[in-house]
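Engineer: Put the two chains together into one complex; each comes in its own frame, and the hints tell you how they fit.
Residues per chain, in single letters:
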Amino acid sequence: MASIWEYANPRKFIATANRLLPWVGGLACVALLVGLIWGFFLTPDDYRQGSTVKIIYLHVPSALMAINGWFMMLVASLIWLVRRHHVSALAARAAAPVGAVMTLIALITGAIWGQPMWGTWWAWDPRLTSFLILFLFYLGYIALWAAIEDDDTAADLTSILCIVGSVFAVLSRYAVDFWNQGLHQGASLSMDRADHVANVFYFPLLVCMSGFVLLFVALVLLRTQTEIRARRMRALLARERMA
Amino acid sequence: MPDLGKYAGSVLSAYAVSLLLLAVVIVVSVMRARRVKRRMEEVEARAKHAR
Numbered sequence: 000m001a002s003i004w005e006y007a008n009p010r011k012f013i014a015t016a017n018r019l020l021p022w023v024g025g026l027a028c029v030a031l032l033v034g035l036i037w038g039f040f041l042t043p044d045d046y047r048q049g050s051t052v053k054i055i056y057l058h059v060p061s062a063l064m065a066i067n068g069w070f071m072m073l074v075a076s077l078i079w080l081v082r083r084h085h086v087s088a089l090a091a092r093a094a095a096p097v098g099a100v101m102t103l104i105a106l107i108t109g110a111i112w113g114q115p116m117w118g119t120w121w122a123w124d125p126r127l128t129s130f131l132i133l134f135l136f137y138l139g140y141i142a143l144w145a146a147i148e149d150d151d152t153a154a155d156l157t158s159i160l161c162i163v164g165s166v167f168a169v170l171s172r173y174a175v176d177f178w179n180q181g182l183h184q185g186a187s188l189s190m191d192r193a194d195h196v197a198n199v200f201y202f203p204l205l206v207c208m209s210g211f212v213l214l215f216v217a218l219v220l221l222r223t224q225t226e227i228r229a230r231r232m233r234a235l236l237a238r239e240r241m242a
Numbered sequence: 257m258p259d260l261g262k263y264a265g266s267v268l269s270a271y272a273v274s275l276l277l278l279a280v281v282i283v284v285s286v287m288r289a290r291r292v293k294r295r296m297e298e299v300e301a302r303a304k305h306a307r
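So the protein sequences, as listed, match chains A and B. If you're matching positions, the first sequence starts at 0 in the numbering used here and goes up one per residue. If you're matching positions, the second sequence starts at 257 in the numbering used here and goes up one per residue.
For reference, chain B alone in the conformation it holds in the complex (with noise of 0.2 Å):
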């Protein structure tokens, strides 16, 4: 761990925030896209049975 002085706070929230953010808006698209696939396949495959 570097020497980050007095402005180890600033620093280090900065990265916890920004990392937190990048993580949240990561894990929300990949789960949404997990959810919009498989209900899709659920509603495609009703769909051709009903035809």
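Only chain A is shown next, with the shape it has when bound in the complex (with noise of 0.2 Å):
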């Protein structure tokens, strides 16, 4: 079997990519429209949220993805402090803008749900907050790679900010259970039966997040191949220029 670490290989990597990427995005194409569908067009109203619990197919996959694509950033960027292998770095990076888009869809139908609901757009909470607060990060991360011109020194500093932001992602995700306070309920899927959402909502909301999970995948894919590609350029141009 492979070794995991051939994939630090950038021709590997592309090639892989290059395999992986009609699947992966057909895939996410096809759980995305048969989740949405299904949970738009075919579930009924909650009988106290109404029509608005139609929201949760967009919500909880969107924010689940903003969360775990974080970790995914911080996974790639502590490779890239330990092992130095650049196509982690590159494929943190690339992941950035995918998050942060993640992280705004959590918030924006976050806002537009909670105004009918608590009326409210916004609410100093504790999830919401620390929500908004990764969002930051998530700009910040972009911003940083964006400033530094030198490939290593950007990914060395922005794996450091990659740690201290993993704070909020955590935070992001248990700060209903730490404060036990706001208006933001806990978790909408549970171990426990008692937390966890009905069946008939249960099971699109099930197949959205794939649909989510595989769409954040082939973006990273596509991505980290665009950023292998123009580190490979710019080294390129360099040596040109030189010439």
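Worth double-checking, as some hints may not be accurate.
Claimed, not checked - In silico EDC-like links for lysine to aspartate or glutamate, alpha-carbon gap of 20 Å or less: (1) B/Lys293 / A/Glu239; (2) B/Lys262 / A/Glu239; (3) A/Lys11 / B/Glu300; (4) B/Lys304 / A/Glu239; (5) B/Lys304 / A/Asp44; (6) A/Lys11 / B/Glu297.
What the hints assert, rightly or not - Distance ranges between label pairs, derived from CB positions: (7) B/Ala306 / A/Phe202: 55 to 63 Å; (8) A/Asn17 / B/Val283: 14 to 22 Å; (9) B/Glu298 / A/Trp117: 50 to 58 Å; (10) B/Arg291 / A/Ile147: 35 to 43 Å; (11) B/Arg302 / A/Ala14: 21 to 29 Å; (12) B/Leu276 / A/Ala14: 32 to 40 Å; (13) A/Ile147 / B/Leu268: 37 to 45 Å; (14) B/Ala306 / A/Phe70: 38 to 46 Å; (15) B/Gly261 / A/Trp123: 25 to 33 Å; (16) A/Thr152 / B/Lys293: 51 to 59 Å; (17) A/Trp123 / B/Ala306: 58 to 66 Å.
These are computed hints drawn from the structure, not numbers from a lab. Keep in mind it's a predicted model, so treat the numbers as computed, not measured. Don't be surprised by glycine CBs; every beta carbon is placed ideally from N, CA and C.
Structural biologist: Shown next as structure tokens:
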């Protein structure tokens, strides 16, 4: 069996990503289409929340990917710091804009959902606040990559930022449990049956979550390929200028 | 189209904004991937020619 470190070779990574992308991208489209059509058209209204419950098919999967996207970046950053594989640093860089969009979707759909249910678009609730800070960390991470010319220095500094930001990624997930206050409810999906959403909402939600995960993976594969090519292009152009 | 009742505005705007943002990140990623690939092939061809 091939070692995972083989994919640290940029050529091997690009070749593998080329093979995987049509499948992962195709599956993401199918899962998103099925999940969203199922959730929007074929599920009933909730007896308390009315039709706003349909927002769950966007809000929960995007929040899931906002947090897990940051953890993927954390793992890639740690690999960079320990093993100095450029592909892992570039994968973290590639994931950041996708994670930022997921966080923004979670924040916007949360505000739109909160207005009719809580009577306010926004509250300085522990989970909402930690999500906003996570979004700001995403923006800071993207800006830091863009601000530093030397790729290795940028990878080092953004990796440190990623480790610091992980505190807020954890808080975004567990804020409700830590402080046990605020407007936001606990997890929609729980091992405890009492807290769990009803099956009629749960199954389309699972399909939507799979769709968001696959879309995230497809976009990160594509964007990592792009970052690897852009890095090689910068190296070739620098060689050209020196010749 | 399901009857969304008094929350139609909220539900539809949540879907519209989310799908728009997803479309933007997909389109931007694909366009940049194509542009960088094409540009890199040009630079590689130039480098090969110069050798």
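Engineer: It remains to establish, for every hint, whether it holds in the given structure.
Structural biologist: Verification of the hints:
no.: 1; hint: B/Lys293 / A/Glu239; in the structure: 18 Å, holds
no.: 2; hint: B/Lys262 / A/Glu239; in the structure: 63 Å, violated
no.: 3; hint: A/Lys11 / B/Glu300; in the structure: 18 Å, holds
no.: 4; hint: B/Lys304 / A/Glu239; in the structure: 11 Å, holds
no.: 5; hint: B/Lys304 / A/Asp44; in the structure: 63 Å, violated
no.: 6; hint: A/Lys11 / B/Glu297; in the structure: 18 Å, holds
no.: 7; hint: B/Ala306 / A/Phe202: 55 to 63 Å; in the structure: 59 Å, holds
no.: 8; hint: A/Asn17 / B/Val283: 14 to 22 Å; in the structure: 20 Å, holds
no.: 9; hint: B/Glu298 / A/Trp117: 50 to 58 Å; in the structure: 54 Å, holds
no.: 10; hint: B/Arg291 / A/Ile147: 35 to 43 Å; in the structure: 22 Å, violated
no.: 11; hint: B/Arg302 / A/Ala14: 21 to 29 Å; in the structure: 23 Å, holds
no.: 12; hint: B/Leu276 / A/Ala14: 32 to 40 Å; in the structure: 33 Å, holds
no.: 13; hint: A/Ile147 / B/Leu268: 37 to 45 Å; in the structure: 42 Å, holds
no.: 14; hint: B/Ala306 / A/Phe70: 38 to 46 Å; in the structure: 44 Å, holds
no.: 15; hint: B/Gly261 / A/Trp123: 25 to 33 Å; in the structure: 30 Å, holds
no.: 16; hint: A/Thr152 / B/Lys293: 51 to 59 Å; in the structure: 26 Å, violated
no.: 17; hint: A/Trp123 / B/Ala306: 58 to 66 Å; in the structure: 59 Å, holds
The structure does not agree with the numbered hints 2, 5, 10 and 16 stated previously, though it agrees with the rest.
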